[in-house]
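A.B. asks: Use the sequences and the hints to build the structure in full.
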Amino acid sequence: MFASVPAEAWMQPHAHGKWTYAELMQHLTLTYDVLSQELEGGPAMSVRTAWWQRILLNLTVRPRIIRGGGFPRGAPAPREVRPKTVTADPGEAALIFAAARARFERAVAAARADNPGMRITHAYFGRRPLEEALRFCAAHLRHHQAQMSASMVARTSHS
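Residue numbers (the working numbering): 9 to 167.
Calculated from the structure, these hints are not laboratory results.
Listed next, the in silico SDA-like pairs over lysine to any residue satisfying Cα-Cα at most 20 Å (straight line):
id: 1; residue 1: Lys92; residue 2: Ala52
id: 2; residue 1: Lys26; residue 2: Ala15
id: 3; residue 1: Lys26; residue 2: Leu149
id: 4; residue 1: Lys26; residue 2: Glu88
id: 5; residue 1: Lys26; residue 2: Ala154
id: 6; residue 1: Lys26; residue 2: Met156
id: 7; residue 1: Lys26; residue 2: His151
id: 8; residue 1: Lys26; residue 2: Lys92
id: 9; residue 1: Lys92; residue 2: Gln45
id: 10; residue 1: Lys26; residue 2: Arg81
id: 11; residue 1: Lys26; residue 2: His148
id: 12; residue 1: Lys92; residue 2: Thr28
id: 13; residue 1: Lys26; residue 2: Pro91
id: 14; residue 1: Lys26; residue 2: Pro80
id: 15; residue 1: Lys92; residue 2: Ala108
id: 16; residue 1: Lys26; residue 2: Phe10
id: 17; residue 1: Lys26; residue 2: Thr93
id: 18; residue 1: Lys26; residue 2: Gln155
id: 19; residue 1: Lys92; residue 2: Trp18
id: 20; residue 1: Lys92; residue 2: Glu31
id: 21; residue 1: Lys92; residue 2: Ala102
Label pairs and their computed distance ranges (CB to CB):
id: 22; residue 1: Gln155; residue 2: Asn123; range: 30 to 36 Å
id: 23; residue 1: Ala154; residue 2: Thr68; range: 19 to 25 Å
id: 24; residue 1: Val69; residue 2: Thr93; range: 26 to 32 Å
id: 25; residue 1: Ser12; residue 2: Arg127; range: 31 to 37 Å
Owing to the predicted nature of the structure, the values given are computational and were not obtained by experimental measurement.
Every residue gets a Cβ at the ideal spot worked out from N, C-alpha and C, and that includes glycine.
C.D. replies: Pasting the structure below:
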């Protein structure tokens, strides 16, 4: 996903008012880290919505995201997955991301084997079944991939 980002663009926002490519990579890495931590028995993401908000979001927003309808515009990332620091070297960031992804894949495999009914916590939707959380993760990656693709098209058309 990040291989097509030119080195000189790495620390530049991928769009006006948006994160840099480095921050976006860190966000995805943090997402894998936070989810792996919970899958491995550690602390979960903090739920930041009231019960009635979770009901509303789970009836309206969550199904649309999972069906491929995208994320709501301007929805903030949960605090735990907002980048605070970044890796300035794209190659090093890619290695860190790959390690986080591999850890997540191992944690998912272990959870499927040991606790197939496991639920994963999301800051806005609350606790959701593991398989649904995986579909949400896939939608999250597609969301950022689409952002980057659009950004790269815009970047090359303005060059």
